[in-house]
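Add chain C to chain R, keeping to what the hints say.
Number of protein chains: 2
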Amino acid sequence: MSKVITPREEDYSQWYNDIVRKAQLADHSAVRGCMVIKPHGFGIWERMQRQLDDMFKETGHVNAYFPLFIPKSFLSKEAEHVEGFAKECAVVTHHRLMNDPNGNGVVVDPSAKLEEELIVRPTSETIIWNTYKDWIDSYRDLPILVNQWANVVRWELRTRLFLRTAEFLWQEGHTAHATSQEAEEETTRMLDVYATFAEEYMAMPVIKGVKTASERFAGAIDTYTIEALMQDGKALQSGTSHFLGQNFAKAFDVTFSNKENEREHVWATSWGVSTRLMGGLIMTHSDDQGLIIPPRLAPTQVVIVPIPKPNDEINAEAKKLLAELKEAGVRVSYDDDDRKRPGFKFAEHELKGIPVRLGLGKRDLEKGVIEVARRDEKTKESVPREGIATYVKNLLEEIQDNLLAKAKAHRAAHTTKVDSYDEFKKVLDEKGGFVLAHWDGSPETEQQIKEETKATIRCVPLDNPQEDGVDMISGKPSKERVLFARAY
Amino acid sequence: MSKVITPREEDYSQWYNDIVRKAQLADHSAVRGCMVIKPHGFGIWERMQRQLDDMFKETGHVNAYFPLFIPKSFLSKEAEHVEGFAKECAVVTHHRLMNDPNGNGVVVDPSAKLEEELIVRPTSETIIWNTYKDWIDSYRDLPILVNQWANVVRWELRTRLFLRTAEFLWQEGHTAHATSQEAEEETTRMLDVYATFAEEYMAMPVIKGVKTASERFAGAIDTYTIEALMQDGKALQSGTSHFLGQNFAKAFDVTFSNKENEREHVWATSWGVSTRLMGGLIMTHSDDQGLIIPPRLAPTQVVIVPIPKPNDEINAEAKKLLAELKEAGVRVSYDDDDRKRPGFKFAEHELKGIPVRLGLGKRDLEKGVIEVARRDEKTKESVPREGIATYVKNLLEEIQDNLLAKAKAHRAAHTTKVDSYDEFKKVLDEKGGFVLAHWDGSPETEQQIKEETKATIRCVPLDNPQEDGVDMISGKPSKERVLFARAY
Numbered sequence: 001m002s003k004v005i006t007p008r009e010e011d012y013s014q015w016y017n018d019i020v021r022k023a024q025l026a027d028h029s030a031v032r033g034c035m036v037i038k039p040h041g042f043g044i045w046e047r048m049q050r051q052l053d054d055m056f057k058e059t060g061h062v063n064a065y066f067p068l069f070i071p072k073s074f075l076s077k078e079a080e081h082v083e084g085f086a087k088e089c090a091v092v093t094h095h096r097l098m099n100d101p102n103g104n105g106v107v108v109d110p111s112a113k114l115e116e117e118l119i120v121r122p123t124s125e126t127i128i129w130n131t132y133k134d135w136i137d138s139y140r141d142l143p144i145l146v147n148q149w150a151n152v153v154r155w156e157l158r159t160r161l162f163l164r165t166a167e168f169l170w171q172e173g174h175t176a177h178a179t180s181q182e183a184e185e186e187t188t189r190m191l192d193v194y195a196t197f198a199e200e201y202m203a204m205p206v207i208k209g210v211k212t213a214s215e216r217f218a219g220a221i222d223t224y225t226i227e228a229l230m231q232d233g234k235a236l237q238s239g240t241s242h243f244l245g246q247n248f249a250k251a252f253d254v255t256f257s258n259k260e261n262e263r264e265h266v267w268a269t270s271w272g273v274s275t276r277l278m279g280g281l282i283m284t285h286s287d288d289q290g291l292i293i294p295p296r297l298a299p300t301q302v303v304i305v306p307i308p309k310p311n312d313e314i315n316a317e318a319k320k321l322l323a324e325l326k327e328a329g330v331r332v333s334y335d336d337d338d339r340k341r342p343g344f345k346f347a348e349h350e351l352k353g354i355p356v357r358l359g360l361g362k363r364d365l366e367k368g369v370i371e372v373a374r375r376d377e378k379t380k381e382s383v384p385r386e387g388i389a390t391y392v393k394n395l396l397e398e399i400q401d402n403l404l405a406k407a408k409a410h411r412a413a414h415t416t417k418v419d420s421y422d423e424f425k426k427v428l429d430e431k432g433g434f435v436l437a438h439w440d441g442s443p444e445t446e447q448q449i450k451e452e453t454k455a456t457i458r459c460v461p462l463d464n465p466q467e468d469g470v471d472m473i474s475g476k477p478s479k480e481r482v483l484f485a486r487a488y
Numbered sequence: 001m002s003k004v005i006t007p008r009e010e011d012y013s014q015w016y017n018d019i020v021r022k023a024q025l026a027d028h029s030a031v032r033g034c035m036v037i038k039p040h041g042f043g044i045w046e047r048m049q050r051q052l053d054d055m056f057k058e059t060g061h062v063n064a065y066f067p068l069f070i071p072k073s074f075l076s077k078e079a080e081h082v083e084g085f086a087k088e089c090a091v092v093t094h095h096r097l098m099n100d101p102n103g104n105g106v107v108v109d110p111s112a113k114l115e116e117e118l119i120v121r122p123t124s125e126t127i128i129w130n131t132y133k134d135w136i137d138s139y140r141d142l143p144i145l146v147n148q149w150a151n152v153v154r155w156e157l158r159t160r161l162f163l164r165t166a167e168f169l170w171q172e173g174h175t176a177h178a179t180s181q182e183a184e185e186e187t188t189r190m191l192d193v194y195a196t197f198a199e200e201y202m203a204m205p206v207i208k209g210v211k212t213a214s215e216r217f218a219g220a221i222d223t224y225t226i227e228a229l230m231q232d233g234k235a236l237q238s239g240t241s242h243f244l245g246q247n248f249a250k251a252f253d254v255t256f257s258n259k260e261n262e263r264e265h266v267w268a269t270s271w272g273v274s275t276r277l278m279g280g281l282i283m284t285h286s287d288d289q290g291l292i293i294p295p296r297l298a299p300t301q302v303v304i305v306p307i308p309k310p311n312d313e314i315n316a317e318a319k320k321l322l323a324e325l326k327e328a329g330v331r332v333s334y335d336d337d338d339r340k341r342p343g344f345k346f347a348e349h350e351l352k353g354i355p356v357r358l359g360l361g362k363r364d365l366e367k368g369v370i371e372v373a374r375r376d377e378k379t380k381e382s383v384p385r386e387g388i389a390t391y392v393k394n395l396l397e398e399i400q401d402n403l404l405a406k407a408k409a410h411r412a413a414h415t416t417k418v419d420s421y422d423e424f425k426k427v428l429d430e431k432g433g434f435v436l437a438h439w440d441g442s443p444e445t446e447q448q449i450k451e452e453t454k455a456t457i458r459c460v461p462l463d464n465p466q467e468d469g470v471d472m473i474s475g476k477p478s479k480e481r482v483l484f485a486r487a488y
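Protein chains in written order, with my numbering: chain R, 1 to 488; chain C, 1 to 488.
Source of the hints: derived by calculation from the structure; they are not laboratory data.
Some clues are possibly wrong.
It does not matter which identical chain is used: a pair holds within one copy or between any two.
Claimed, not checked - 27 angstroms max Cα-Cα, derived DSSO-like pairs, lysine-lysine:
(1) K367 / K340
(2) K77 / K113
(3) K133 / K431
(4) K22 / K259
(5) K87 / K113
(6) K476 / K425
(7) K362 / K208
(8) K454 / K57
(9) K259 / K309
(10) K57 / K320
Next up, chain R with everything else stripped away, as it sits in the complex:
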């Protein structure tokens, strides 16, 4: 295997594409904007799904499934929702193909036109709230705490694997509550779940905050977000949780009888993360040798490589080692392909991001040691064969912690407080990263900054320190700094 990854310094964007494709995570498909998620990439996504799903269930949620299609008229019902959404989307207009009368394969049967067009869901608030109307009658039917794992389609013009694709996979939680307070609590509870997942499993530190009005989800009263910082100094919005107030309940006429037997509109939240997280995972940790996967999400945590190649003795030892490690709860595989040399395999496993590699050689075995190589730091050491399972288990935890610590250090080094617009622009251009600056709260200055610098307000951080200051541009008073960055 030759050097296949373009270095970050040379071309960060190409580096990202190289990792995604050469580490066998995903690829473009024959359908414009749609990706194929390959087994190695899907294996990581599955582990993310499983963990998030467990966390959703621990917080009282259940899964359900709603239709892929949304009747066009539904998208007209919540005015702000349709304004912000539903413009670039896949529209189903017909329900039948027929053999081409000229013999050129199949064509659309013009007689099979739908009375009302169907939209492939870009998000499911409308179809779900139309359904909740039938589920909710009394306060006893509340809360409804439902999540859906699904594919959605937004007809993006510029796509990038995982970060922005026409079709992507996600989960969308849609909850219904009797009171505003309960719904608001749910919104921040799920934001916390996302932040915990990002830090503890993805080893990706995030800043929790609330979006400004201009960056809100279409139809939401408030949009909460977790924002991560990538290695190139750009921010990645990694998950959002929306307090929807009674907007969708009003649009779809969903009411309940309260304890006083009065009808009220139901309060709503929705929250989601998607395969975009894969992009965040890649860009938080990987290096010029390839992917780096945090051990908790790695489909294979440890690979055993026979040195220089498999033979009966090494295979027997590998078998024992596999059993020991599996017994200790480690996801481990044995690379006994005898057509590839160790050096080739090392590069391959590095490229694919397997956290730990064990080299199994005859001489080492005679000495009672095993060569242990860690992917994150690219260090190697000889470790006693005795007690290796415990050593590896601890090492995996150490790697997990190390990745988070490194990502936190990178973020700390790339978060800058500025007090003037000149400084703001200079930091963005020369250093990148998060910039904390005062803002007067007006959409006008927010818009001016966006137009002039391409930086947006990522969020107003939660638990934000309050301090007196003035807006960089208008000079108007401000009580807190907000988080700016250029973003994906």
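Just chain C now, kept in the frame of chain R:
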């Protein structure tokens, strides 16, 4: 709760619909032919998915994800495939909506017409084989053992919840092999996985067999099937596994270099089961009181009901009991709703099919016993509190076995060998079920029987006893009986 289920004797079809809707499994949606799978139904489906997924992985498969959309031209490439499929499907023709100039919500933007229409996948052979072209170059790239969990759409005119819906959830395995023999082995291996799953988890006995030419999957050389028998005597095709030969490899030009460095076309299989299995589960076990779920697939296996209502003492005991049962690996919940009477709760849990109910009453507790009710036989007994967890665990296994035994007995009682066409018709009309009869192997008699009796050849059973006989209609010689039934 009143009696809500129409008895089977009165109207079997209505009984099925009642179970699906009243046990909160699924419901119709605002989109024609598409269903909403409700949390209770989805909880069962999730357990099916998890188990099948584990079994796929144990047999060496990995998951991946391919696009929702298929370019129209792909469907023209495999001639038989398009003949049998792809006629009734959802066709995407546009990619943008716009505000109606007349102010009536949104309309399709006529300028955003796709150059080539996209079909919402009815199955993914074409897009996957187009992708495999890039994955396969050498025999070293084979086999590819990939599965996908996905939604698919077939524009069905007559739909029934779970059994036949326009959109449904399924898994589709798509494997690529270097030899015909390997692909054939894979085909039957996966059929065996399905049969094992159906019997051991769904407690639904199935007959494994091969389809006749007229019932084959479009594009397959051979289609293998598992066929189950429902309580009304109709068969349900519950899973299929296809040996595709080199048909798709030829259509999409997928070749590999063999060890002799010659190019050959790749050999293929595909196999799938869907949310249709939910229909099979319901119709195999349920009764006039509601759903019956085999314990291994029940999201909640045991429900504890306080009698007559929760109080501190009973709650404390319930807490201990919950901990003991969870510790023993039992999925258990406590119904401490104090607004409903026990009788109401009993009916509700019966309706939803929870396998075991524990009644927790003050007097019983003083006597050191607990009332244990099983859903399958609707029997109750007093069981010593001491050792209850072990008792319940064994009982769940007993219920699982009992459901399978009952289903097997029903099938045995409704499988009839016949030797004349008169007898054949009589059995179909009066008794229903599987009918084993000789067939001359010609599509003509198969077609005549189908037209005259609505019965089809479900399969030629594997390991079928060979015996001399004559076709019921043509009188031509036959070497074995085949399995007929009316079917869903």
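Evaluation of the provided hints:
1. In the homo-oligomer, the alpha carbons of K367 and K340 lie at most 27 angstroms apart inside one protomer (25 angstroms), although the nearest pairing across protomers, at 71 angstroms, exceeds that limit.
2. Taking the shortest Cα distances, K77 and K113 sit within 27 angstroms of each other both inside one copy (23 angstroms) and across copies (24 angstroms).
3. Taking the shortest Cα distances, K133 and K431 never come within 27 angstroms of each other, neither inside one copy (51 angstroms) nor across copies (43 angstroms).
4. In this assembly of identical chains, the alpha carbons of K22 and K259 lie at most 27 angstroms apart only when taken from different copies (25 angstroms versus 59 angstroms within one copy).
5. Proximity of K87 and K113 under a CA criterion of 27 angstroms is satisfied in both settings, with 21 angstroms inside one chain copy and 13 angstroms between copies.
6. In this assembly of identical chains, K476 and K425 lie within 27 angstroms of each other by CA distance solely inside one copy; the values are 19 angstroms within and 89 angstroms between copies.
7. Within a single copy, K362 and K208 get their C-alpha atoms no closer than 51 angstroms, and across copies no closer than 49 angstroms, so neither meets the 27 angstroms cut-off.
8. When the C-alpha separation of K454 and K57 is checked against a cutoff of 27 angstroms, the pair qualifies neither within a copy, at 39 angstroms, nor between copies, at 46 angstroms.
9. Taking the closest pair of Cα atoms, K259 and K309 come within 27 angstroms of each other only across two copies (21 angstroms); inside a single copy the shortest separation is 73 angstroms, beyond that limit.
10. In this assembly of identical chains, the alpha carbons of K57 and K320 lie at most 27 angstroms apart only when taken from different copies (22 angstroms versus 37 angstroms within one copy).
Violation of the numbered hints given earlier is confined to hints 3, 7, 8; the remaining hints are satisfied by the structure.
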